[in-house]
Amino acid sequence: MTTLTEAPAPVEERAPDRKPRRNWTPWVLLLPGLLWLTVFFLVPILTSVSASVQTGDYDDGFKLTWHWANYHDAIADFGPQYYHSLVYSLLTTIVCLALAYPVAYFIAFKGGRWKTLLMALVIVPSFTSFLIRTIAWKTILADNGTVVHTLNSLHLLKITTALGWTVGNHVLASPAAVVCGMVYNFLPFTILPLYTSLEKIDPRLHEAGADLYCSAFTTWRRITLPLSMPGVIGGTLLTFIPAVGDYINAQLLGNPNTTVVGQRIEDLFLRQTNGYPVGSAMSVVMMVGTLVIVMTYIWRAGTEDLL
Amino acid sequence: MSSHDVLGRTEGGDLRLVGLTKRYGSFTAVDDLSLTIPQGSFFALLGASGCGKTTTLRMISGLEDPTVGQIFLGEQEVTDLKPYRRPVNTVFQNYALFPHLDIFENVAFGLRRRGVKDVKKAVTDMLDLVELGHLAKRKPTQLSGGQQQRIALARALINQPQVLLLDEPLGALDLKLRRQMQIELKRIQTEVGLTFVHVTHDQEEAMTMADTIAVMNHGRIEQLGSPADLYENPATTFVANFLGQSNLIPASVEGEKDGVVSVSAHGQQLKVDTSRCRSTSGKIILGVRPEKVQIATGRGEVPDGYNALVGGKVVDTSFIGVSTQYLVQMPSGEELSVFEQNTGRAIQRPGAEVVVYWDPSQGFGLEGSQDIEAGAEVDEEAAA
Numbered sequence: 001m002t003t004l005t006e007a008p009a010p011v012e013e014r015a016p017d018r019k020p021r022r023n024w025t026p027w028v029l030l031l032p033g034l035l036w037l038t039v040f041f042l043v044p045i046l047t048s049v050s051a052s053v054q055t056g057d058y059d060d061g062f063k064l065t066w067h068w069a070n071y072h073d074a075i076a077d078f079g080p081q082y083y084h085s086l087v088y089s090l091l092t093t094i095v096c097l098a099l100a101y102p103v104a105y106f107i108a109f110k111g112g113r114w115k116t117l118l119m120a121l122v123i124v125p126s127f128t129s130f131l132i133r134t135i136a137w138k139t140i141l142a143d144n145g146t147v148v149h150t151l152n153s154l155h156l157l158k159i160t161t162a163l164g165w166t167v168g169n170h171v172l173a174s175p176a177a178v179v180c181g182m183v184y185n186f187l188p189f190t191i192l193p194l195y196t197s198l199e200k201i202d203p204r205l206h207e208a209g210a211d212l213y214c215s216a217f218t219t220w221r222r223i224t225l226p227l228s229m230p231g232v233i234g235g236t237l238l239t240f241i242p243a244v245g246d247y248i249n250a251q252l253l254g255n256p257n258t259t260v261v262g263q264r265i266e267d268l269f270l271r272q273t274n275g276y277p278v279g280s281a282m283s284v285v286m287m288v289g290t291l292v293i294v295m296t297y298i299w300r301a302g303t304e305d306l307l
Numbered sequence: 308m309s310s311h312d313v314l315g316r317t318e319g320g321d322l323r324l325v326g327l328t329k330r331y332g333s334f335t336a337v338d339d340l341s342l343t344i345p346q347g348s349f350f351a352l353l354g355a356s357g358c359g360k361t362t363t364l365r366m367i368s369g370l371e372d373p374t375v376g377q378i379f380l381g382e383q384e385v386t387d388l389k390p391y392r393r394p395v396n397t398v399f400q401n402y403a404l405f406p407h408l409d410i411f412e413n414v415a416f417g418l419r420r421r422g423v424k425d426v427k428k429a430v431t432d433m434l435d436l437v438e439l440g441h442l443a444k445r446k447p448t449q450l451s452g453g454q455q456q457r458i459a460l461a462r463a464l465i466n467q468p469q470v471l472l473l474d475e476p477l478g479a480l481d482l483k484l485r486r487q488m489q490i491e492l493k494r495i496q497t498e499v500g501l502t503f504v505h506v507t508h509d510q511e512e513a514m515t516m517a518d519t520i521a522v523m524n525h526g527r528i529e530q531l532g533s534p535a536d537l538y539e540n541p542a543t544t545f546v547a548n549f550l551g552q553s554n555l556i557p558a559s560v561e562g563e564k565d566g567v568v569s570v571s572a573h574g575q576q577l578k579v580d581t582s583r584c585r586s587t588s589g590k591i592i593l594g595v596r597p598e599k600v601q602i603a604t605g606r607g608e609v610p611d612g613y614n615a616l617v618g619g620k621v622v623d624t625s626f627i628g629v630s631t632q633y634l635v636q637m638p639s640g641e642e643l644s645v646f647e648q649n650t651g652r653a654i655q656r657p658g659a660e661v662v663v664y665w666d667p668s669q670g671f672g673l674e675g676s677q678d679i680e681a682g683a684e685v686d687e688e689a690a691a
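In the order they appear, the protein sequences are chains A and B.
With the first letter of the first sequence counted as 1, position 260 gets the number 260 in this note's numbering; the numbers rise by one all the way through.
Position in the second sequence (from 1) plus 307 gives the number in this note's numbering.
Think of the hints as simulated: they come from the structure by calculation, not from any bench.
Where a beta carbon is used, it is the ideal one built from N, C-alpha and C, also for glycine.
Treat the hints loosely; a few may be bogus.
To give an idea of the interface, some chain B residues facing chain A are shown, with a C-beta separation under 8 Å as derived from the structure [what the hints assert, rightly or not]:
id	residue
1	LEU370
2	ASN396
3	THR397
4	PHE399
5	PHE405
6	PRO406
7	GLY417
Given only the sequences and the hints, what does the whole structure look like? Please build it.
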């Protein structure tokens with residue numbers, strides 16, 4: 001009997017206990033990250049959005065006047081820059097994918113015990129500064145360099161110039177140079193997710209494909225490619241998103257006709273006394289535009305169906 | 308075989324391996340293997356891991372190129388054909404179902420690759436054959452091991468291959484499911500009448516399903532024959548030990564008369580049929596299966612004409628219901644196994660003095676120079 005009356009007692013005791021015992025650990029763990037994001041992400045974004053509808057200049061200060069016309073200026077005056085940003089980043093993404101897939105495939109399936117070393121080699125260049133690596137391309141593509149000589153002797157430069165990719169007898173200071181630099185800089189970001197998703201594929205599935213009447217190409221097309229789609233999507237996103245915003249390559253390897261949005265924003269912010277509002281509006285347009293493209297891409301690719 | 312079977316496939320002919328050899332550097336995985344597998348048979352390649360059975364299978368499927376030798380399917384040589392050009396399909400050890408396709412598409416895969424337009428009926432029929440039609444829309448990861456196994460089988464069978472290769476197909480299943488699938492596989496094989504080549508390390512699995520078993524060891528075939536043949540009349544100590552258990556006793560031949568060889572083992576006289584002897588002179592190894600040996604308390608109980616070994620002492624008794632297993636130590640120190648069926652006879656306790664005896668026509672004689680332990684440890688390894 002005593003045990004029966006005693007049994008419910010701890011339950012009753014615990015009930016009032018529960019409130020002060022609330023588990024705060026997850027919140028405490030989230031705090032540093034949330035704080036960081038608030039200070040360095042949320043506040044700047046709100047500042048940008050707010051600045052994009054202000055008017056004024058450095059001397060008189062900026063006032064929030066809900067001047068939506070800034071957006072008109074930000075879009076109408078800089079058509080070529082948006083176009084360049086979009087085209088260069090799309091081209092970069094496509095070329096990166098075309099170059100990265102075979103590399104990732106080779107390392108994942110033929111790398112054997114060298115896998116880790118080969119992947120390290122892919123990442124090693126990143127230990128040098130982004131800026132230095134981009135400047136190095138100036139040397140690579142210089143007029144007296146091997147690349148230009150080779151292209152010239154093969155008469156390829158005439159074709160690329162006719163297509164508008166290069167300018168005259170030069171590769172440097174042309175759209176081609178900008179895209180070359182971007183591809184080089186973003187390639188590891190395409191390779192890494194691709195490798196991760198290819199590496200997870202059971203090589204026995206290739207044997208099953210061969211057994212079920214697939215040539216090497218059909219095996220890739222029907223088995224490897226669909227299974228590596230998460231890597232393709234991850235890799236292209238990790239390339240496209242930073243590539244859209246990049247302006248270092250356009251600045252160092254391009255010419256006045258290859259300017260991208262980033263260069264104009266920089267110009268408005270740093271070199272014009274009243275540029276803040278339009279520059280902010282351009283940033284917002286870029287962000288929203290990228291977001292829409294990325295969301296559409298993910299939605300169309302239907303990633304949830306791939307795993 | 309009829310010229311048209313259930314699947315409407317025309318006669319393909321026997322699978323012939325001629326002098327097949329596979330070397331990896333200095334290691335010879337398969338050593339000069341020649342073999343004819345008749346059309347429509349259920350053929351098992353049995354051996355411990357590393358004996359070359361899987362390599363042989365992979366050479367038949369084309370996933371591995373032989374170093375030397377040829378492979379024929381009927382009259383056609385397929386040695387140099389790419390895997391996807393061979394009329395051969397494989398059920399892989401871990402099934403290797405395509406995770407991004409549903410069950411229907413997995414099964415339809417081979418047909419689609421060959422450009423078959425209307426696959427619906429064939430796939431539905433095949434899923435019905437393996438009794439999984441209701442799972443057509445599921446993904447492979449949503450299926451149990453046994454179901455995945457059957458889908459792997461359906462995916463291979465639907466292509467009506469001339470030869471179906473099964474690489475340890477039941478290895479990943481638990482014991483009960485394995486038993487069930489053994490019966491299932493045999494049923495399907497009988498129903499479709501295809502040649503099945505089945506690789507396994509499980510002697511019971513091979514015996515249950517196969518018409519013919521090739522026992523492989525070190526890249527060579529130790530013995531080839533029907534399960535009963537191999538069991539009753541093993542050719543080597545490896546087969547005697549690997550397939551079931553054997554009591555093997557070194558003996559020397561004393562003479563032969565009227566189709567019976569007389570031998571002496573540790574000073575006791577024993578007999579064995581000449582027809583069951585691989586060697587009839589000098590030193591031989593006399594073998595007998597534990598379940599053929601009986602146990603008696605005195606010489607008087609042994610029927611006339613039976614082989615008897617006296618002076619044994621029971622060292623271990625395990626009663627397992629259906630039978631009792633004894634370990635009897637002979638005066639020479641040798642230990643013999645005896646499986647006695649539970650017929651109600653008194654159980655001998657350890658320490659009891661016993662006589663073991665058996666019908667001479669149930670023993671077998673092996674060539675005497677072999678390692679008497681060959682195949683015994685391998686079996687334990689493979690079973691573990």
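Next item on the list: Enumerate the violated hints, using their earlier numbering and listing them in ascending order.
Entry: Violated hints: none at all, because every hint is consistent with the structure.
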